[in-house]
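Number of protein chains: 2
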Amino acid sequence: MQLIDGNKTAQIIKDEIKAEVSAFVQEGKRAPHLVAILVGEDGASQTYVSHKMKACEYVGFRSTNLTFPASTSEEDILVAVHNCNNDPNIDGLIVQLPLPKHVDYMKVIMSILPEKDVDGFHPSNVGKMVMGLPTLLPATPYGVLELLKRYNIPTSGKTCLILGRSLIVGTPMSIMMGRVGVDATPIMAYRHTNQDDMKKFLAMADILIVAIGVPGFIKGEDLKEGVVVIDVGTTRVADASKKTGFSLKGDVDFDSASQKASFITPVPGGVGPMTVTMLLKNTLEAYKNANIF
Amino acid sequence: MQLIDGNKTAQIIKDEIKAEVSAFVQEGKRAPHLVAILVGEDGASQTYVSHKMKACEYVGFRSTNLTFPASTSEEDILVAVHNCNNDPNIDGLIVQLPLPKHVDYMKVIMSILPEKDVDGFHPSNVGKMVMGLPTLLPATPYGVLELLKRYNIPTSGKTCLILGRSLIVGTPMSIMMGRVGVDATPIMAYRHTNQDDMKKFLAMADILIVAIGVPGFIKGEDLKEGVVVIDVGTTRVADASKKTGFSLKGDVDFDSASQKASFITPVPGGVGPMTVTMLLKNTLEAYKNANIF
Chain A
1 MQLIDGNKTA QIIKDEIKAE VSAFVQEGKR APHLVAILVG EDGASQTYVS HKMKACEYVG
61 FRSTNLTFPA STSEEDILVA VHNCNNDPNI DGLIVQLPLP KHVDYMKVIM SILPEKDVDG
121 FHPSNVGKMV MGLPTLLPAT PYGVLELLKR YNIPTSGKTC LILGRSLIVG TPMSIMMGRV
181 GVDATPIMAY RHTNQDDMKK FLAMADILIV AIGVPGFIKG EDLKEGVVVI DVGTTRVADA
241 SKKTGFSLKG DVDFDSASQK ASFITPVPGG VGPMTVTMLL KNTLEAYKNA NIF
Chain B
294 MQLIDGNKTA QIIKDEIKAE VSAFVQEGKR APHLVAILVG EDGASQTYVS HKMKACEYVG
354 FRSTNLTFPA STSEEDILVA VHNCNNDPNI DGLIVQLPLP KHVDYMKVIM SILPEKDVDG
414 FHPSNVGKMV MGLPTLLPAT PYGVLELLKR YNIPTSGKTC LILGRSLIVG TPMSIMMGRV
474 GVDATPIMAY RHTNQDDMKK FLAMADILIV AIGVPGFIKG EDLKEGVVVI DVGTTRVADA
534 SKKTGFSLKG DVDFDSASQK ASFITPVPGG VGPMTVTMLL KNTLEAYKNA NIF
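Chains as they are written, first to last, in this note's numbering: chain A, 1 to 293; chain B, 294 to 586.
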């Protein structure tokens, strides 16, 4: 069994990005610039945005955090997006979700210029992903693909079970696994799936990607010998032994699954660190697309 | 075994559309208007377009066939699309594929205004389909869903095997089967799929949708008792007994598959007639979206 080290891989990619940015800046070009729009005082959202800003700093990006009070009107958020769309000094724009309930988040997402939508959530980018056209891919499934690639894990002809069908992970992941060049056979299963069939899928999967948010849901005894296990789940579970009072748990029971797996991601330190890194990669991509070199 | 009669279902839907159009026209509104752009003298393409125009006539749509010589430049085709986009008297626009080789067909598709893209091929519409947002769905998979619905075939929790991953059928079909409200478990298999796993998928599938273009590829002995079989394949096979010199064959060996199936589509007369009908439905939808009533 080989551990897929997301921290190490993310670090390598960040250093690649850093080197590229540094070369651009030495040529006299401005640095890539990512803007995050944050509405309200949700603690988790603040933490996520601050991680993203810190990662920007590391690779030499300029970053701006536009924070608005929770009471901000939808109209005012749309104006802020519009201004970012029109600012040639901004390459990437993300709106941290969730937004307050009085705001139609889909309307906000759809107002972002697709070329600056570095989260890859805009329908136009989602459609291009389906069609195999160059686009900005959603960060988490993009990170999973990158891990498979950097660990030289073959995907062509492999049966790939994706658990969960969220718009952020499961759905785009199952689309990406079936695209030309990846060529795996995707099965997208979720809570509606027939339970007998689910057992068979688990026993057949060469690659298993789990994103359901149920700690320890997948046990090793259900898996195929040699399976590649990618655990996207990260749930906070109370843990008195930690200073924070909680620890992060994946959807996979690591101890039993690692007995069967040829490769496995830990939680934390697997997929997690890749997400912010792929957001940086998308921002660099948007920057390069916008600037004719 | 119950036969899924695509001709009959298509007729019912066309009559529904006809009644709606007639009501609009009686209110003094103009009829919906579909434009088809056809480039070159490909016989099959001419036949398809003429079928579409005839169907428009039946339901009371206005239709226009813009035919260009095969030598027409990409620029001139883009101008034609642009003019249709800007014409408020045109609701739906389709560009018959294939286009001549000197034309970048993806560029042409992407130049169609998404609101008039009644083939549902534009990335923005494809993305909305993925995200479950209201949009114009690609006609063939939309027709399959409509057949399942009109025959009261349950989909929630059913294991659905889709064979083929084309952008016109297999890929959107597998996305649509996994969406909220349909709630099936999609497996998208194709020529890269592991053959042992393929056998297991065939034996597990509650719903089988085949779009690979290999006549008689699927045999009844491989299928689950009670499976719902949807055959999208239509290949011309030489047949001296026919006036035309050919007959249409599906991807499913009908005689053996119908022994196992609870429902099955014939070829011809199954999915085929639904495709043009759903194109009409999309055109009516585009018309209704464009006109504020």
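Any given hint could turn out to be false.
Stated by the list, open to error - Here are some chain A residues pointing at chain B (derived, C-beta under 10 Å):
#1 Val25
#2 Gly132
#3 Ile153
#4 Gly157
#5 Asp183
#6 Tyr190
Bear in mind the hints are in silico, worked out from the structure with no lab data behind them. Cβ atoms here follow ideal geometry from the backbone N, Cα and C, with glycine treated the same way.
Practice item. Using 10 Å as the Cβ threshold, decide whether A/Gly157 counts as touching chain B. Key: holds, 5 Å
Exercise for review: Answer holds if the nearest beta-carbon of chain B is closer than 10 Å to that of A/Asp183; otherwise answer violated.
Suggested key: Holds, because the Cβ-Cβ distance from A/Asp183 to chain B comes to roughly 4 Å (cut-off 10 Å).
**Study point:** Residue hint A/Val25, partner chain B, criterion CB-CB below 10 Å
**Key:** violated, 33 Å
Review point. Does the interface hint hold: is A/Ile153 within less than 10 Å of chain B, judged Cβ to Cβ?
Key: At about 16 Å, which exceeds the 10 Å cut-off, the nearest Cβ of chain B leaves the hint on A/Ile153 violated.
Review point. Is the shortest C-beta separation between A/Gly132 and chain B less than 10 Å?
Key: The hint holds - A/Gly132 has a Cβ within 10 Å of chain B, the shortest such distance being about 8 Å.
Review point. Given A/Tyr190 as an interface hint, is the shortest Cβ-Cβ distance to chain B below 10 Å?
Key: holds, 8 Å
Violation of the numbered hints given earlier is confined to hints 1 and 3; the remaining hints are satisfied by the structure.
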